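K.L.:
Sequence:
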Amino acid sequence: MGEDMEKGWDISQAMIESNRCLLCYDPPCSKGCPAGTEPAIFIRKLRMKNITGAIRAIKERNILGGVCGAICPTSLLCEKECVAANFDRPIRIGKIQRALVEHSWKIGFYPLSKYYENKKDNLGKKDKIKVAIVGGGPAGISCAYELAKFGISVTIFEEHEKIGGALRYLIPSHRLSNDFIERETSELASMGIEIKCSKKIKRDDLKSLFEKGYVAVFLAPGLWKGVRLENRAVKGVYSAHDFLYSLKEKPQKMKKIVYGKKVGVIGGGAVALDCAEACLIHGAKDVYLIYRRSFGQMLSEENERICALRKGVHFLMLNQPTGYLLDENGKLAKIKLCRTELGKEDKSGRRAPVEVKGSDWELEVDLAIEAIGSQVDDDVKEIHPDIKFEKNLIVVNKRKETSANSIFAGGDITRGPGLVAEAIRDGKEAARNILEEIKKSECEEKVVLASVSPRRC
155 MGEDMEKGWD ISQAMIESNR CLLCYDPPCS KGCPAGTEPA IFIRKLRMKN ITGAIRAIKE
215 RNILGGVCGA ICPTSLLCEK ECVAANFDRP IRIGKIQRAL VEHSWKIGFY PLSKYYENKK
275 DNLGKKDKIK VAIVGGGPAG ISCAYELAKF GISVTIFEEH EKIGGALRYL IPSHRLSNDF
335 IERETSELAS MGIEIKCSKK IKRDDLKSLF EKGYVAVFLA PGLWKGVRLE NRAVKGVYSA
395 HDFLYSLKEK PQKMKKIVYG KKVGVIGGGA VALDCAEACL IHGAKDVYLI YRRSFGQMLS
455 EENERICALR KGVHFLMLNQ PTGYLLDENG KLAKIKLCRT ELGKEDKSGR RAPVEVKGSD
515 WELEVDLAIE AIGSQVDDDV KEIHPDIKFE KNLIVVNKRK ETSANSIFAG GDITRGPGLV
575 AEAIRDGKEA ARNILEEIKK SECEEKVVLA SVSPRRC
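Residue numbers (this note's numbering): 155 to 611.
Hints in this document: simulated from the structure, not taken from any laboratory. Note that this is a predicted model, so its numbers are computed, not measured. Certain hints may be false.
[Claimed, not checked] Below, computed lysine-lysine pairings styled on DSBU-like, alpha-carbon distance capped at 30 Å:
#1 Lys389 to Lys465
#2 Lys379 to Lys535
#3 Lys389 to Lys407
#4 Lys594 to Lys542
#5 Lys535 to Lys552
#6 Lys490 to Lys465
#7 Lys350 to Lys366
#8 Lys389 to Lys439
[To be verified] Across the chosen pairs, the derived CB separations fall in these ranges:
#9 Asn457 to Lys282: 43 to 49 Å
#10 Lys316 to Gln406: 16 to 22 Å
#11 Glu495 to Cys351: 47 to 53 Å
#12 Tyr179 to Arg382: 48 to 54 Å
#13 Asp514 to Met159: 39 to 45 Å
We put the CB at the ideal spot given by N, CA and C, even for glycine.
Construct all of the structure, not just a fragment, from the sequences and the given hints.
P.N.:
Written as structure tokens, this is what we have:
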């Protein structure tokens with residue numbers, strides 16, 4: 155195992171796989187993609203040897219198409235709907251998608267840069283319509299791209315040093331490297347999108363944005379605070395957010411902390427698996443993944459779970475963490491656990507875990523990582539007095555509108571931790587509705603909205 159991002163397919167492998175496509179008349183795979191990337195279109199083009207057309211088909215529909223190909227749980231989405239599975243196995247859509255995007259970098263084909271290289275000449279120099287995006291993660295990037303296509307002057311305000319959000323700071327390098335993100339987002343600037351990093355939008359800042367001429371704001375700051383098992387700071391216990399962020403920003407320091415240690419990772423989702431595998435990569439002696447449900451009920455992809463097993467992660471299923479025991483120096487010594495069994499189905503459709511009385515036990519560990527959820531930062535709750543929150547999330551309607559005028563929101567901040575593809579969909583939907591609002595005011599203000607028509611491949 156290594157720290158480098160796992161190598162993807164080359165273009166020849168992708169072409170061979172595309173030949174397995176059944177060319178469905180009404181392709182269900184496209185309906186299975188939350189981001190609207192429409193795999194059937196780019197796979198059909200690739201099968202017809204139209205490589206650049208296939209690349210353009212991806213990037214025009216999904217600005218983060220390569221990222222989605224690399225990290226999306228495709229077996230639960232587009233590939234799950236693939237008709238070819240009825241005869242053999244589903245088309246490896248994710249691998250084809252990533253291969254095409256990486257091939258575009260190899261041959262120097264950047265469809266969006268060339269497509270919009272004369273954009274400024276087409277837009278006019280006066281009365282440019284401005285929209286602000288708060289948060290440079292998947293939802294924010296997607297919204298910015300969709301607006302820029304129609305000549306909107308977009309500014310992304312990102313509180314970190316670089317854009318990417320959770321993709322850059324919370325996904326380990328062995329799954330998604332920073333170089334990959336840099337290449338994927340390199341065309342944003344060429345589209346005239348302004349990116350202001352290390353710029354955190356605080357209370358009253360939204361009001362000043364409107365005063366500066368922005369006609370709408372899209373909020374997508376993400377969730378950067380982890381849910382904790384205990385309401386106290388324990389030396390040796392990290393939230394998944396803090397652990398993964400430090401691993402990306404201060405890798406050498408975290409390697410020293412993890413090396414040779416026994417680590418307990420609490421949780422059963424993709425983030426928990428990321429933490430567990432990262433610990434093994436950086437030399438942990440033993441890694442235990444602790445989950446209160448069964449192996450089959452884990453929310454991560456089956457192949458990822460099997461891969462983690464093969465790499466040496468110990469799975470402690472049907473175990474509920476209840477607290478921590480500390481040594482005389484106040485450092486973590488043990489995780490307190492009790493065994494569970496599956497009861498009746500809950501709202502999620504899965505059988506709920508029920509604690510088994512008298513089954514308490516303790517697991518000796520040096521470190522614990524809590525991957526049990528995310529929540530909104532306290533300062534985000536105060537970003538605007540008119541924005542309504544419910545269960546610590548921003549309330550939006552079907553149009554992604556908040557309770558404050560001309561302020562939209564999307565991504566994890568509106569529905570809790572979700573998939574990259576879902577965040578991209580939120581950004582696209584918000585952009586479409588922002589454009590509708592702008593067009594409504596066009597007649598009154600006599601503003602011409604430049605529109606760029608897709609080019610045929």
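K.L.:
Please go over all the hints and tell whether each is borne out by the structure.
P.N.:
Okay, the hints, checked on the actual structure:
Between Lys389 and Lys465 the alpha-carbon distance is near 28 Å, which keeps this suggested pair within the 30 Å criterion. In summary, the hint linking Lys379 to Lys535 is supported, as the alpha carbons are separated by about 13 Å, within the 30 Å threshold. Among the hinted pairs, Lys389 with Lys407 is consistent with the structure: their alpha-carbon atoms are about 16 Å apart, no more than 30 Å. Taking the CA atoms of Lys594 and Lys542, the gap is about 25 Å. The hint holds against a cut of 30 Å.
Between Lys535 and Lys552 the alpha-carbon distance is near 21 Å, which keeps this suggested pair within the 30 Å criterion. Only pairs whose Cα atoms come within 30 Å are accepted, and Lys490 paired with Lys465 is accepted, the gap being roughly 26 Å. Pair hint Lys350 plus Lys366 holds up; C-alpha atoms about 15 Å apart against a cutoff of 30 Å. Distance restraint check for Lys389 and Lys439: the Cα-Cα separation of roughly 19 Å lies within the 30 Å cut-off, and the hinted pair is therefore satisfied.
A hinted range of 43 to 49 Å for the beta carbons of Asn457 and Lys282 is consistent with their spacing of about 47 Å. Distance hint check for Lys316 and Gln406: the Cβ-Cβ separation is about 20 Å, which falls inside the suggested range of 16 to 22 Å. Take Glu495 and Cys351: their Cβ atoms lie about 49 Å apart, and the range 47 to 53 Å holds. Between Tyr179 and Arg382 the Cβ separation comes to about 51 Å, which falls inside the hinted range of 48 to 54 Å.
Between Asp514 and Met159, the C-beta spacing of about 41 Å keeps the proposed range 39 to 45 Å intact.
Checked against the numbered hints above, the structure violates none of them.
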